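Residue numbers (my numbering), protein chains in the order written: chain C, 1 to 902; chain Y, 1 to 362; chain E, 1 to 189.
Accuracy of the hints is not assured; some may be wrong.
[What the hints assert, rightly or not] One-sided excerpt, in silico: chain C residues whose CB lies under 10 Å from chain Y: (1) Lys48; (2) Ala49; (3) Thr62; (4) Met402; (5) Arg613; (6) Gly616; (7) Leu777; (8) Glu780; (9) Arg783.
[Unchecked claim] In silico DSBU-like links for lysine-lysine, alpha-carbon gap of 35 Å or less: (10) Lys535/C x Lys410/C; (11) Lys535/C x Lys483/C; (12) Lys562/C x Lys66/E; (13) Lys186/C x Lys562/C; (14) Lys32/E x Lys562/C; (15) Lys305/C x Lys562/C; (16) Lys483/C x Lys138/E; (17) Lys138/E x Lys364/C; (18) Lys49/E x Lys66/E; (19) Lys138/E x Lys236/Y; (20) Lys236/Y x Lys66/E; (21) Lys862/C x Lys786/C; (22) Lys186/C x Lys535/C; (23) Lys410/C x Lys138/E; (24) Lys526/C x Lys66/E.
Calculated directly from the structure, the hints in this document are not laboratory data.
If you're wondering where the values come from, they're calculated on a predicted model, not measured in any experiment.
A virtual CB, placed ideally from N, CA and C, is assigned to each residue, including glycine.
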Amino acid sequence: MPGLGATYGRGGATGFQQDLVNADCIVIEGSNMAECHPVGFQWVMEAKARGAKVIHVDPRFTRTSAVADTHVPLRAGTDIAFLGGLISYVLENELDFRDYVLAYTNASSLVGEDFQDTEDLDGLFSGWDPESSSYDKTSWQFEGAHEPSATGTDEIDPVAPDAGKVGSPATDPTLQHPRSVYQVLKRHFARYTPEMVGDICGVEPEVFLDVARAVTANSGRDRTTAWVYSVGWTHHTVGVQYIRTAGILQALLGNMGRPGGGILALRGHASIQGSTDIPTLYNLLPGYLAMPHAGEHSSLDEYCKVGDEMVGFWGGTRAYMVSLLKAWFGDAATAENDYCFDLLPKINGDHGSYRQVADMIQGKIPGYFLVGENPAVGHANGKMQRLGLANLDWLVVRDLQMIESATFWKTAPEIETGELVTDQIGTEVFFMPAATHTEKEGTFTNTQRLLQWHRQAIEPPDDARSDLWFYFHLGRILRDRLKDSTDPRDRGLQALTWDYPTHGPLVEPSAEAVLREINGVGPDGKALSSYTELKDDGTTTAGCWIYTGVYADEVNQSDRRKPGREQNWVAPEWGWAWPANRRTLYNRASADPEGKPWSERKAYVWWDEETQRWTGHDVPDFEATKPPSYRPEPGAKGPDGISGADAFIMQNDGKAWLFAPSGLADGPLPTHYEPDESPVPNALYRQQANPGREVIEAAWNRSNPPTSDVYPYVFTTYRLTEHHTAGGMSRTLPYLAELQPEFFVEVSPELADERGLENAGWATLVSARTAIEARVLVTERMRPLKMGRGQVVHQIGIPYHWGEQGISTGDSGNDLFGVVMDPNVHIQESKVATCDIQPGRRPRGPALVELVESYRQRAGVKSGLVPVGGRSPVEETNMTGEEKGQTHTTQSAPDHVAEAQP
Amino acid sequence: MSQFSSASPAFTGHDPENRLYGPLPDVTGEAGYEPDHPARVGFFTDTSVCIGCKACEVACKEWNTLPMDDADGTRDALGLSGMSYDNTGMLGANSWRHVAFVEQSRSVDLPMPSMGVPAAPDQGVGSAGGCGGSCGSESPAHGNADGTTIDQHSVLNAQALSSFDPQTAQSGDREIRWLMSSDVCKHCTHAGCLDVCPTGALFRTEFGTVVVQDDICNGCGYCVPACPYGVIDQRKGDGRVFKCTMCYDRLTDGLQPACATACPTQSIQFGDLDELQARADARLATLTEQGVTTARLYGRDTDDGVGGAGAFFLLLDEPEVYGLPPDPVVTTRDLPSMWRHAAGAAAMLVGVALSGFLGRRR
Amino acid sequence: MATVKTWLDSWPVFRQLTGPDPLGRGHAARSKRTEAVTSRTATADRVVKSICPYCAVGCGQRVFVKDEQIVQIEGDPDSPVSRGRLCPKGSASKQLVTSPTRVTTVKYRRPYGTEWEDLALDEAMEMIADRVLAAREKGWQELDGDQRVNRTMGLASLGGATLDNEENYLMKKLYSAMGAIQIENQARI
């Protein structure tokens, strides 16, 4: 997550689940932890039993709220306002942990004179270019310095390669300078008062203040507050900035790197952290190295230019990259040929999943692999997904069950409406049965960066095979086909190291051999123990540098299973966590600049004068023998440039970034924007929504206009404990299917009255994309919220697990969403949008299409009709940020929105 | 002949050993096990920490290979119940654990009355200097706008309890409570089902639990109305009765029952009954001290109508709210007097020998 | 006589009348099957340590195998993360393996087809390899504008986040080597 990465240097969860017991206060926001991570939630319950206060901030009252001390209902899509309010409360009352802030954050740095804030420009930062809908970040730089982004991820920062400007920023340790980050931050959030939070979020000021008091009273030298989030924060057009806001708050409160503190990002899949660490993502190489970018990275030197100049551990970029190339291309990779850098394909834009699907619909992508993923149900705008699948040449689906993405050609809702016709769909489909987790071995990386090896229990049945088997043998066949080719484009496959040992009757490749390659070896051919051993001269290999150490001493460290009860509470000998088996990141910050614990109660890692080493309960996230008194020579680079008193060792300046001069596409500070679809005008700025958000304009992806009375209600989607994501692993299991046997939506009694909905009856929900039907649960756990000017907003809760396959079936909640994305990570806004709801079942067949079109017409939205087969083009848009963002020019005024109930 | 077993005390006209009613310290020994039999075990279900995840339901079904609640097992026949998140409905032949969901709410005025606590028991439990629940409530306490103090007696009175009552979360200007409770067979000290079973299919195990032997049960169904909780149930298409065995097979191997093993928050605790009772008493005391005046134990009292339950509960509201009978009484309590009136003929038939045995045993 | 005695012993009523359980509610009522009861975890051939495949909590699992079939999956009390506990999904995970609707053979739908057909695994692999090479060729870009990109736009891949790290690694490595860049994962979603 760049939100965490841009702030602290790494994108992973900063702590671990068990450490929640040490918290004095836990704020769960953007997460429904009790329902979606029930077993991890035992640590929250234990903290609570020890006296911690548990606060749940969420649009809905959930099973998490039920056992929290306080539930704060807020309008979906307004967390930046809520968190910004907390930041303002901290700054206005000077409740920040000042010693920590001065030592470990960039609060004292001076922002350049050219910077203008959203407060000055009515919702835009300086540098906005309406032509390209993006920011020129030059004016965001610090006085006297230029900060390359430490995220090393995501967007290629067009100014970052100008490393010559890297230097020390001017600072004011008194924090009084008007351009100091502290003061800039204070001004930026000054209008985020409790009353404004009330107007935007629908949270009563007293309730907000109660949270503010709890959080600040439980932060500081002796106490820590932990924040827990999940996709309730990431699935927004400003998702990265949500996390940034929490990052700023936790840094101000001094909660980072300390026991019971931190920001616990709760991932929703067994190895979703692993899927970004070793990414199957278009813009990343393993270990958050950027995928080479056409034009900017035409050589290895160009690729490493920024890293070579950097202070901190990104200074090792060249060693990490060369070691990766050696792991992939082996002996073929030499200093002379840039270690085969040229064989890597180059990116030059957004090639993310939704762009791909848009291209598929237009017939531009012939072949598609779906490997344990069910986008026809699990992704926003299911119709767009299904139209994409229907316009491929061929599709390979690897799964355990006949998921909707495999059977779309005969079961898609569009077959019923006539938008797709089975015998006119040319997609050739291969269903390849997969092995379950018990039928193969390998590592999952859990939510706390912990790699855990799962051993194989039995052989997979019939044709079922592991994905490791599939890709190994596919690669083997392809390499065999091309072994005599002289075409330069085949050199990559020919040079690839692909000689993994195999075993058993199925000729299964060795997962341990792959893990060992990921770990890497040294010149002696032995497994390396740490990424600090990696060299840029081609003598070391590492398939993923942050995982180096997982095979230290030729032992599969991820398979360590020393019982937790036989270890200290950090349990360092269970599995292996990246980096370097550190369980809490930035834990240098658990000690003061001199290396002493901030307090006895919160001691975690400290400097031992006697042994001249860092020591404590965890592996120090710091060079073990670098004393607190160490100060770098001027011009020192890499780790040597990090002072002994700095805790954020991945950052170019060693500090947590309250203000982020680079690394983010949509602003150096988070600011409240309304969701793309919202019934509420932005109370703060004329700029309604994130100006940089990405839209795909097409008949199959229409947006509901903001403040539209045709789509007057907010809806949000979520999971239930009893199901898993798109349902392929739960709706097909009898014992789970029967626990939540039908698709339902949750509404308040007030909304039920307003629309004539009955408990357990049917309702039809309509957006500019489609209409779906669901059973209704009328519950006071859903409640209308009162915004500024008395506007009442009703919210509808929609669990999204269902589709037409499996034991338990139903319409798919994600079909209601359109695709609008965060500009940093191209993640869709699928936690908030608008819709209408009416009693009764939806129309069948073509009448469904007519209903949805009639809604679009009433709302002034362009036609969404597609020809049979769905091949409607992406339309050219010349929308500027202003046009994209502003409501005041659109048709509906807020008083069209449902009025307050008496 | 064996049906006489349940009614045999009738022939003495009284039951001084409390074999059918009243406290019975050694239910296992009374059932004929040697004095060195294992300690009586049970469940303590602490609903105040239940998160309603239904792991217990699934773990139970998985271990006991229970059928899905429909006929053919491929498509669910039940559908959405419309009762909060409860689609199981009740305990039955195929559902030996059932999580009840109870939604409650009421309005309050804002600004909120004091969230502070009457006393200040905010040191938490065994905390290393824990803040307790009131760290966030350090503003001076203030009463209601009209100066009245806060009523502490309503079950829904969350103002004063919200910091402490684990199931009474403050939600804006509304107090909402979502009670969750995993119900199960109570494994009564005086088990009506067992007492009326004519075939000996139901029996008391060496652990003091009550189990149906499906190789004996003939599906007569006498036990079904005999259960004061409505737990035991005949399986459709099979006819025999099924219910929680407290995982008897696992107990024989020293394992915990499947539900308690899975339970993420230790809402379901398994153990020796006397230890559980002590633990429950302590938990109740803690909650009471914290001001959760609505907390109570259910099934804990050995003087109750079933002689105390082997599976008992900490509830946060009246039992009826959870669908539990408020004052369950073993249906065979009155057997002795009933039998006194009807005993003559029966005694003539078989009474002599039987009374002889009983007399000798005394 | 001994035979009669044994026969009598197995008659519950006899046990009831002669033993310490005169009400026949406990010891005397035990059936043969009850006397022989044991847990299927105790009779398993082996226990294999695993990790739950659902959410990212990463609960430890113990997988019990008997006659090469999984007979039980439950929590691993050794795990410091989960301490032996499992949620309903983790508790149901055996059904991932045994689900009645699981598909374990290759299925093929030809272009414009209306039904699934069977296909041999080896044949499917060769057919997929054919198509990968053709799609790669069709979408190959040496240059995009004047920028050298050295890639194919003819292929896309979307992985779930239940893939093992080792699997993701082979995928990224193989795709990159063949020039495919449109490689995505649930992590984006």
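- Query: Given Met402/C as an interface hint, is the shortest Cβ-Cβ distance to chain Y below 10 Å?
  - Reply: Because about 13 Å separates Met402/C from the closest Cβ in chain Y, which is outside the 10 Å limit, the hint is violated.
- Item | Distance restraint between Lys186/C and Lys535/C, which requires alpha-carbon spacing of 35 Å or less | Violated. Lys186/C to Lys535/C sits at ~44 Å, over the 35 Å cutoff.
- Query: Does the structure keep Lys138/E and Lys236/Y at a Cα separation of 35 Å or less?
  - Reply: Given that 35 Å is the threshold and the Cα spacing comes to 60 Å, the pair is violated.
- Take a quick look at whether Lys535/C and Lys410/C sit within 35 Å of each other, Cα to Cα. 54 Å, violated
- Proposed proximity, Lys138/E with Lys410/C (alpha carbon, max 35 Å): OK: Lys410/C and Lys138/E at ~28 Å, within 35 Å.
- Should the interface hint for Ala49/C be scored as holding, given a Cβ-Cβ cut-off of 10 Å against chain Y? Because about 5 Å separates Ala49/C from the closest Cβ in chain Y, which is inside the 10 Å limit, the hint holds.
- Straight-line alpha-carbon gap Lys236/Y to Lys66/E, limit 35 Å: 30 Å, holds
- Message: Just to be careful, I want the Cα atoms of Lys862/C and Lys786/C compared with a cutoff of 35 Å; is the pair within it?
- Response: 31 Å, holds
- Query: Per the CB criterion, is Leu777/C less than 10 Å away from chain Y?
  - Reply: 7 Å, holds
- Item | Status of the Arg613/C interface restraint (C-beta, 10 Å, chain Y) | Violated - the Cβ of Arg613/C stays beyond 10 Å from chain Y, reaching only about 26 Å at its closest.
- Message: What's the verdict on Lys32/E and Lys562/C, does the C-alpha distance respect the 35 Å limit or exceed it?
- Response: The given pair, whose Cα atoms are some 41 Å apart, is violated under the 35 Å limit.
- Message: Hint validation: Thr62/C versus chain Y, beta carbon distance must be below 10 Å. Holds or violated?
- Response: 8 Å, holds
Hint compliance for this structure: hints 4, 5, 6, 10, 13, 14, 15, 19, 22, 24 are not met, and every other hint is.
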